[in-house]
Each structure stands twice: as C-alpha cells, then as structure tokens.
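Enquirer: Here are the chains, one letter per residue:
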Amino acid sequence: MTVLTPNTEQEIVEAVQWALAEEAPVEIIGYGSKRDLGRPLQTEHTIALSAYTGITLYEPDELVLSAKAGTSIAELETLLAENGQAFQFEPMDYGPLLGLAAGQGSLGGLLSTNLCGPRRLKAGSARDHVLGVRVVSGRGELFKSGGRVVKNVTGYDLSKGMANSWGTLGITTEITFKVLPAPETETTLVIRGLADDEAARAMAIAMGSSGEVASAAHLPGNVASRVIDGALNGEASTLLRLEGFAPSVADRASMLKNLLAAAGAIDALPLEVSRRLWREVRDVIPFADATDRPVWRVSMVPMEAYKLVASLRMGAAVDAFYDWQGGLVWLRMEGDPEAEAVRALIRKYGGGHATLVRAPASVRASLSVFEPQPAPLAALSKRLKQQFDPGGILNPGRMVAGV
Amino acid sequence: MSGLMMPEADAATMSRRSDIVAALRAIVPGEGVVDVVNEMRAFETDALTAYRQLPLVVVLPQTVQQVSRVLKYCHENNVKVVPRGSGTSLSGGALPLEDAVLLVMSRFNRILEIDYPNRAAVVQPGVTNLGITKAVEHEGFYYAPDPSSQIACSIGGNVAENSGGVHCLKYGLTANNVLGLEMVLITGEVVRLGGKHLDTDGYDLLGLMTGSEGLLGVVTEVTVRILQKPATARALMIGFPTSEEAGQCVADVIAAGIIPGGMEMMDRPAIHAAEDFVHAGYPLDVEALLIVELDGPVVEVDHLISVVEAIGRRNGATTCVVSQSEEERLVFWAGRKAAFPAVGRISPDYLCMDGTIPRKELPKVLAGMRELSDKYGLRVANVFHAGDGNLHPLILYDANIPEQLHKAESFGADILRLCVRVGGVLTGEHGVGVEKRDLMPEMFNEVDLNQQIRVKCAFDDKHLLNPGKVFPQLHRCAELGRMHVHAGQVPFPDVPRF
Numbered sequence: 012m013t014v015l016t017p018n019t020e021q022e023i024v025e026a027v028q029w030a031l032a033e034e035a036p037v038e039i040i041g042y043g044s045k046r047d048l049g050r051p052l053q054t055e056h057t058i059a060l061s062a063y064t065g066i067t068l069y070e071p072d073e074l075v076l077s078a079k080a081g082t083s084i085a086e087l088e089t090l091l092a093e094n095g096q097a098f099q100f101e102p103m104d105y106g107p108l109l110g111l112a113a114g115q116g117s118l119g120g121l122l123s124t125n126l127c128g129p130r131r132l133k134a135g136s137a138r139d140h141v142l143g144v145r146v147v148s149g150r151g152e153l154f155k156s157g158g159r160v161v162k163n164v165t166g167y168d169l170s171k172g173m174a175n176s177w178g179t180l181g182i183t184t185e186i187t188f189k190v191l192p193a194p195e196t197e198t199t200l201v202i203r204g205l206a207d208d209e210a211a212r213a214m215a216i217a218m219g220s221s222g223e224v225a226s227a228a229h230l231p232g233n234v235a236s237r238v239i240d241g242a243l244n245g246e247a248s249t250l251l252r253l254e255g256f257a258p259s260v261a262d263r264a265s266m267l268k269n270l271l272a273a274a275g276a277i278d279a280l281p282l283e284v285s286r287r288l289w290r291e292v293r294d295v296i297p298f299a300d301a302t303d304r305p306v307w308r309v310s311m312v313p314m315e316a317y318k319l320v321a322s323l324r325m326g327a328a329v330d331a332f333y334d335w336q337g338g339l340v341w342l343r344m345e346g347d348p349e350a351e352a353v354r355a356l357i358r359k360y361g362g363g364h365a366t367l368v369r370a371p372a373s374v375r376a377s378l379s380v381f382e383p384q385p386a387p388l389a390a391l392s393k394r395l396k397q398q399f400d401p402g403g404i405l406n407p408g409r410m411v412a413g414v
Numbered sequence: 273m274s275g276l277m278m279p280e281a282d283a284a285t286m287s288r289r290s291d292i293v294a295a296l297r298a299i300v301p302g303e304g305v306v307d308v309v310n311e312m313r314a315f316e317t318d319a320l321t322a323y324r325q326l327p328l329v330v331v332l333p334q335t336v337q338q339v340s341r342v343l344k345y346c347h348e349n350n351v352k353v354v355p356r357g358s359g360t361s362l363s364g365g366a367l368p369l370e371d372a373v374l375l376v377m378s379r380f381n382r383i384l385e386i387d388y389p390n391r392a393a394v395v396q397p398g399v400t401n402l403g404i405t406k407a408v409e410h411e412g413f414y415y416a417p418d419p420s421s422q423i424a425c426s427i428g429g430n431v432a433e434n435s436g437g438v439h440c441l442k443y444g445l446t447a448n449n450v451l452g453l454e455m456v457l458i459t460g461e462v463v464r465l466g467g468k469h470l471d472t473d474g475y476d477l478l479g480l481m482t483g484s485e486g487l488l489g490v491v492t493e494v495t496v497r498i499l500q501k502p503a504t505a506r507a508l509m510i511g512f513p514t515s516e517e518a519g520q521c522v523a524d525v526i527a528a529g530i531i532p533g534g535m536e537m538m539d540r541p542a543i544h545a546a547e548d549f550v551h552a553g554y555p556l557d558v559e560a561l562l563i564v565e566l567d568g569p570v571v572e573v574d575h576l577i578s579v580v581e582a583i584g585r586r587n588g589a590t591t592c593v594v595s596q597s598e599e600e601r602l603v604f605w606a607g608r609k610a611a612f613p614a615v616g617r618i619s620p621d622y623l624c625m626d627g628t629i630p631r632k633e634l635p636k637v638l639a640g641m642r643e644l645s646d647k648y649g650l651r652v653a654n655v656f657h658a659g660d661g662n663l664h665p666l667i668l669y670d671a672n673i674p675e676q677l678h679k680a681e682s683f684g685a686d687i688l689r690l691c692v693r694v695g696g697v698l699t700g701e702h703g704v705g706v707e708k709r710d711l712m713p714e715m716f717n718e719v720d721l722n723q724q725i726r727v728k729c730a731f732d733d734k735h736l737l738n739p740g741k742v743f744p745q746l747h748r749c750a751e752l753g754r755m756h757v758h759a760g761q762v763p764f765p766d767v768p769r770f
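Those sequence lines, one after another, are chains E and F. For the first sequence, the working numbering gives the first residue as 12, with consecutive numbering after it. For the second sequence, the working numbering gives the first residue as 273, with consecutive numbering after it.
In short, the hints are calculated from the structure, not lab data. Even for Gly, the Cβ is constructed at its ideal location relative to N, Cα and C.
Where chain E lies over chain F, by a calculated footprint (3+ residues, C-beta under 8 Å):
(1) 442-456
(2) 460-469
(3) 709-716
For reference, chain E alone in the conformation it holds in the complex (with noise of 0.2 Å):
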C-alpha cells in the first residue's frame, strides 16, 4: 500500500504515469473526507492531493477564484466570508452524515462529487459555477479547459465534464470558480402542520411566485425535531428562505405570507436560526445519527417525490425530509436499502435517480450505488471513460464496475 502524495503539478503527472506504467490502479483522494462515499475501491495504491494546495488566483471584484485541487473547502469559504463572497451554490458537507468531522473536504472533492446545497433550485450546483480546470487525465497527459471568465464557448465544456466524474476521468489539478456576494441578510418562512403533500404545493406555490425564494424544504414532525436544538416544536415545518438585501427580503416575506395565508400560521425566523437551518438541511444533520443505516439522496420531480415516500412507508420504516422544493429527497431506511423498491417508485412517479450515499461497505460493493443508467447511456458513459483513461487506473470501479 503505498500513499503518493504529489507536491507539484509535475509529480502527479508522473505519478499517473508511473501506475498506468505499472499498471497499478489507484484510488484518488484529497483528505477522505469522502471516501466511504460511492463504490468502495479495492485499489494497492493512492494518490492524496492533501499536499497540493493553495490559492492561485482571487479576484473579488472579477468574481473568481482559482485554487489547486488539494485546498480546504472550509479554508476557501473563510477568505470568501472575508471578503463578503461565497460559493453561491453551498457546497454540502458530507462529513457529518458519514460519522466524520466536518470540514474535512477538499475543492477537487466539491467538483468531483458536483456538490450543493438548498439553493440548488436558483443557485446550480459546482457545475453551473465551474469556469476552467487543470486536469491530468488517465493517460498522464496535462490538459486545460475553459478559463476564468464566466462567458466562455470555447471548445467543449470539460470542466463540466469533470463534475460529478468521481475521480474516475483524470485528476483535476487546479480549478477555477465563479464566486458571487453573499446575501446581506436572510429570514426563514416556516409555516406548520403540512402534510407531505399540501408542503409539496405550498413549495411550488412560493417557487413560482415573484418571491425569489432562494430554499424550500419541508421537515415531517420527527425529523423537524432534531435541527436547531429542537426549536421547531417537532411539529412539520415547510421551510423557505429568502435572501438578499433587506428591504427586499422584508416585502417578499410579507407577499409570501399573504400568498400562503391559507397554508395555515406562518412565523419567521431571524438571520442566525435560519442560517443555521440551512446548513443543518445542507448537511442532513436529521440523519447524521452515528449509525451506518442506508441513506438515499434521490432526485425527481418536485410533484411527485412526496408520493415515492407515501408508498414506501406503506411497507417499509422510512424517514424522509425534503430539500429543492420537494424534489430533493433524503431517506432513512431501517435495514434494507430496499434498492429495488425505491428505484421501481422513481420510475413509476416521474423519473429521476437515487444514490445510496451511507451504507455499510459490504452494502455499496453488492448494488448499484448510483442509478443504474440504460443501456446506450451506459456504453457511451463508458466510451467516455475508456478516452480519458483507457488504462483503467484512476478509480476504477468508483461509480459502475468496469468504469
């Protein structure tokens, strides 16, 4: 077993060359923070960017920031703070939901794992604020593409290409972000007692309203019980955040509860509790339970996700909350992933995909992590692979056996 840890740009080019010399398969990581992620790797060897860090570039008033693939997610965000920045789409933290620290991620991790948060529905995700990457691809070669301007047609979008690749394309090695200013100010809207259904279209009420709801969550009763110490009663509370400059916020609050007003009783939450909401949704601190039971992320049509989880509770102990107006679904299963079941209702309400994010290893190696894609698809997402690194080495196995 041995650990490479490249210092420069050139030694993880010669580091790749030397396992695709070798033949050696190699697992890629920043600092792990999400390695118990995905299929689990049975690779000799490793090649950690937890050495190959820095900023290169940050520009506030150009809105970029580049950085190598190895630096602190956390540390990025500090200086963005300072500088009244951020990632506008929220990069989650897996650490919490894992069993580990938070704050352990690195920015190469954020763009391979194409990461988010509860602002996806108007922010995007990494991929919609990735502008150029340095990458060595699986034959050893150095590549860029794109830059560090946001309007770019230049060739194809590879930096989009390495978003949500696991590690199993080329090793990103430096990547260039959009970065925007932070809200001003934010409040939370929460109003109570909905069922799954009626939040559902209280959500898509707001969303498709002039309000500029930035997040709409809805939390049952037992889960709206263990976010922000227990202050939300354990009473169901559909959430949706509002952001930006003050007086704005306060009129779309008072829209919002005018539109609403029939949903039922509507409070407010003030800056730092809905702050801390959110990032207690982010990171789906209800499930971060210190158990290793099955979680699913899964994504689908806001107006049908709430039916998915009515039917499995008919069979199943499950416990769900929803992110993205719905759409965003997180559950907990009691033993079973019951992977058949949860894909077999994803198809039948609408399409979408789900990604068992937590289960035992033995779990992850027997079923498909990631949503088994139809044929066609499947053969070109392998096409794809065998061009970037036809040896096989980089992670091989992370996402689909023999990708």
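Once you have looked at the hints, place chain F on chain E.
Expert: This is chain F only, laid out in the frame that chain E set:
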C-alpha cells in the same frame, strides 16, 4: 469565400448522391427531402453570410424515429451530417458541406408540455427561444436566456451553442437553464439526459452536450427551467468621459454585492451610430455609456437604483438618467439592441467579434483595438456585456473593395489574440464554428485539443457529425487512442519519494 479550408469533399460520397437521396426519401417521405439546387439555396449559409456552400441534400425529419433512422443510415454508409436549427449561427456552425446531408430540425416546432408547479417546459428543438417565453408569459413566466436573435433562433441551436444574452450575468447561460435533453447519437441510438428533476447521477453529459456545436449528437427534445418574471425592472443610463471610469463603475457595482439583471457598455462610435439610428437620447459627448438594469421586487429595485446612481457619480459620470417608466426603460435599451443594424447603416459590411476578457483589462484591450484600427485602416465600434466581460467589437468594412474582407478578418483575429493574451477567450457566446476554428491553437495546446477530440471520439468515432467545425484538425480516433507508455522508462521509478 476567403481562405477558409473545409475538409475535402469525398468523391465516393458525391457519386452515390442519388442512392443517398433515395434512401433518405424512404425514411422521410414527401417534401421532407430537398435535393433541387434552387430549393437548397435557402440553406447554403447561416448568419455568417461570408461563407456559402450548397449541401449534398437537405432532409427535414418530423419524428425522432426519422432522425434516428437518418443518422443510422449515414453512420452505416459513412455519410457526413451537418445539423441545423434556425440557421442563425454567427460562427458558421451550420455551414453546409458539399458531401454532407444537411439535417434541418425546423419541423420539430411543438411545445410538448408546460408544467408550472415544477417550473419546467418540454419543447421540441425547433421551437424558437422567444416562443418558449410567449407560451408561458400569460402565467407570468419566462425563459431567461435571451440571445439577441431570440425571435428566430431555435432552442436546439441554443443548446448547441450554449447561448447567452444580456441577462446571463444574473440568470445564467443555456447550460444553467436546461434541465434535460433527448438526443440521437450518430449510431441512431436515442438517449435521455436529465429531465424535470435536477442533476445527473453519472457523468455530466448534459454539460458536455451544451455548447458542443452539433458535433456530438442531434437534440430532439429539450426540457428547460421557466422562471417567474421579476416584479419590475428599471434601467440607468450612465455616461463617462473615459472607459476607465466606466470600467471602475462596473467593478464598484459588483463590489457592492449587486448583480444587475443587465449591465451593458458602448463606446463612442457605437453610441453615435445607435443614437443616429434610433434617437434613444444617448449623450454624444461621452466616451463610454453604461446601461444598468436592476430587476426584482419594487422596493429592491428602488433601493439598488439609488446605490448604483451614487456609484456612478462617484466615478465621474457626466450623465446619469434613471428610467421613470417602462417606456423609458425600453427606449434606453432600444439603442443598445439596435447597435448592430445601426452600425450596418454607417458601413456596407461589418464583422461581429465575440471575445471575453477579464473586465479589468477593458481599457488595455480598447487601447489595443485603437492601434489595430489604425494599422488595418478599418473602423471599429464596441458593444460590451460589461458585467461578464463579453466584448463584441464590430469591424466596419466594405466587401466590394478587394481585400477588405480579408483585412477585416485579420483585424478580428488580432483582437481575439489580444483577448486571449490578457486572460480571456476566443468566444463568449457565438461559438467557434468555422469562423474561429483556426484560432483554437491560440488558446489550447495540442494536448488540450486532443483531449477534446477524444470526447468527440466517444460520441462519434467516425467524425461524421459536423466535421470541419470547431477543431482545426480532426485526428483519427484510432490514432489518438494509442498509448505511449513504456514500463521502466517513466521519469521516476522510485515512487515513494513524494
């Protein structure tokens, strides 16, 4: 046609033309196959009208199955295919080839589904960009990306080019507003990427497809995000004695945490041309004019207008007018939106360039452009998406004067080289197409380009889809597939030294 080299037409394909036409007729009956020269003329160019070429034959399928069968036939018979939407590409992306089938998607013009609760519309690729907004505006919704050709350009073409527009600083490009695609591969296989749900659980093929200029597949259905229209929009028109001051104003607006709905700049020649044409009330004694539009709730817009106005004055603005009505806002925009035809009035021909630069480099790039203008003896007017650094220099020339087109093209190439030199890129929203194809090595080295071509190989290993576009040279996939690894000869056999 000036010195543009397209792939040499394949004589064997040309000699099989009647067989190919017959095979296409068997797939797409009736008027869906056009092979008469006079009728094919309508398709010989797109909006890059300097280049014209008749295709081998034109086919206008109506169903996904027809598209699939046409592509499968072409793949099996090694016939090249050029896809085309509305033909509004400014970079020659839909320029036909003499030995290629032109696959026109204009009959895919239906809106399939509008889903307000899930804020999505499912449309066929031939629907126009504005057509989507028209279909949902009675409910207060719209489709955000707004390329200036939006009345004519198709959503399928928008996907191929990753189209932008005035509002993309705040609302994103096509790539950020498309949720799903159905597409046909060159083999005829139909695949779906994404849908009304968000993101993918595999590789971001949707991201690769968007902006791939028709080289990877043919889009047959598009699912887009629709948004509620902002409650209000107001604009400021701010004039400055220098472009430096205007540039600083833009930087200060962003530093104040404001992302305007639109932030446009025009230089003196563009201001004058536009004012002469539409009488928008632009000040004629300034070097740079900014139009800043704020949109959102009324209280927010009122608040931000006063902030931006103060920033403008602090940076030496000599004119600062705030729109007091919707009519006045539209008048402010009328000049900017008419800038291209306005320049068309003062010059027989013009070339529209499309580089992007880091915003702070604007004064340097404008100065460089003035020097180049003197060198080539051609005038240039500039409109600029100031918020995101996307520059549209309009080079004025007269095609009837020998050598002027060539000179204008050389001038344009020098501008783009300058953009790349200051950290920018060759094209912000118009695409590479044939126009900027040969400049790709200015931005990318051989390894960069080869990796892009390898993506092409994963989708289309025979290089049959839209060849001659984007890449200066298409290496054969088999050649690119070779690995150059020799065990024992790598630079460091002594691994654990890290």
